[in-house]
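Engineer: What follows is the residue order along each chain.
2 protein chains.
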Amino acid sequence: MSVPDSIDRLIEQFAKFPGIGKKTAERMSFYLLNTPNEQSIHLAEAILDMKQSILSCSVCGSITQEDPCTLCSDLKRDDNFICVVEDADDIYRLEKTNSYMGRYHVLGGVLSPLDGIGPDELNIDALLLRVKDGMEIVLATNPSIEGEATNLYLAKLLKQKGAIVTRLARGLPVGSDLEYTDDATILSAMEGRTAL
Amino acid sequence: MSVPDSIDRLIEQFAKFPGIGKKTAERMSFYLLNTPNEQSIHLAEAILDMKQSILSCSVCGSITQEDPCTLCSDLKRDDNFICVVEDADDIYRLEKTNSYMGRYHVLGGVLSPLDGIGPDELNIDALLLRVKDGMEIVLATNPSIEGEATNLYLAKLLKQKGAIVTRLARGLPVGSDLEYTDDATILSAMEGRTAL
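So the sequence lines, in the order shown, correspond to chains D and Z.
My numbering puts the first residue of the first sequence at 1, with every later residue one more than the last.
My numbering puts the first residue of the second sequence at 1001, with every later residue one more than the last.
FYI, nobody ran anything at the bench for these hints, they're computed from the structure.
A few of these clues could be false.
Claimed, not checked - Pair by pair, the computed Cβ-Cβ distance ranges are:
no.	chain 1	residue 1	chain 2	residue 2	range
1	D	LEU114	Z	LEU1178	20 to 30 Å
2	Z	ASN1098	D	LYS16	23 to 33 Å
3	D	THR35	Z	GLY1118	19 to 29 Å
4	Z	THR1194	D	LYS23	42 to 52 Å
5	D	MET101	Z	GLY1118	56 to 66 Å
6	Z	PRO1173	D	ASP115	39 to 49 Å
Values in this document were obtained by computation on a predicted structure and should not be read as measured data.
Every residue gets a Cβ at the ideal spot worked out from N, C-alpha and C, and that includes glycine.
Let's have the full structure, built from the sequences with the hints guiding it.
Structural biologist: Next comes the structure, spelled out in structure tokens:
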């Protein structure tokens, strides 16, 4: 015998999340089964509500509940900087560090010819329209091969517009150990060494 | 700035699951945000559908879509054995092993005076009505202090009904190592040693 169909279907849905395996999906489903109905209703409503209420900001392409988003309409932020990220959630990771006070721009991915993602699939035209002479554009894509290729492609276009183009530093993560650091990271750390 | 409210609410809902921390809840929420609407709708429907379609079996107290459940109505199972479990999901864990062909009974928890759970809060009366002279009742509560206390309480009542009462063996888990096994488990394994 197996679990009732309706539980099986829920397990299947939970198991679709990245990082959620069959076991965790089972535990989540049985947990919901044993909680009051209201909790399941709240969860289902929160899921549907989020999908309905979230728009894409017409300026930066980030996710928002009003257009333009709070970051684009914030008068205290510095218009001379635009930080380019792959996805909207990267903005929240950067904002948490309080290390940057400029604007953002969301590409919606990186160049990846094998997956059929070329420049037309990314939010690049809108970025070029925002760039003005002398602005600093901070490229904050993930440090992957596709991220680097996207950076090189963008840098060329952005420099033509007269922008200063920078990217996030590569190097040893804080708290790491050389023993457990991969070669590519050590190479980047050596190339990017800074004077003390 | 923080994430839009509707995403925050969803993160909060996901973080309520046991074993799902804030980080995982965030990752799950952003994942849903980036997937087609249908996936969110399927998930929300599966949650609500499960809560609506699942009943409690009037015989054993397990979860089921029809009453009595498939295990209680299966003519091939042995009526001389009842395995007593804490929760319905424990049945699926036991059934996976194909080690038992009797019936089941779900207590709905264990005795826990500190949490206000006494005999009246558990599905014990229905169990006593099912027990007949000479039946074997296998107690399969979790090997916790509350589980053991519940076993002792049930054993007394069940023996008065003329039942043979057993419980799952305590001992070393298969594939474990004495070096990493806690004292209570080693003690149980020693006390329950079997002849080879």
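Engineer: Against the structure, test the hints numbered earlier, and report the numbers of the ones violated in rising order.
Structural biologist: 1, 4
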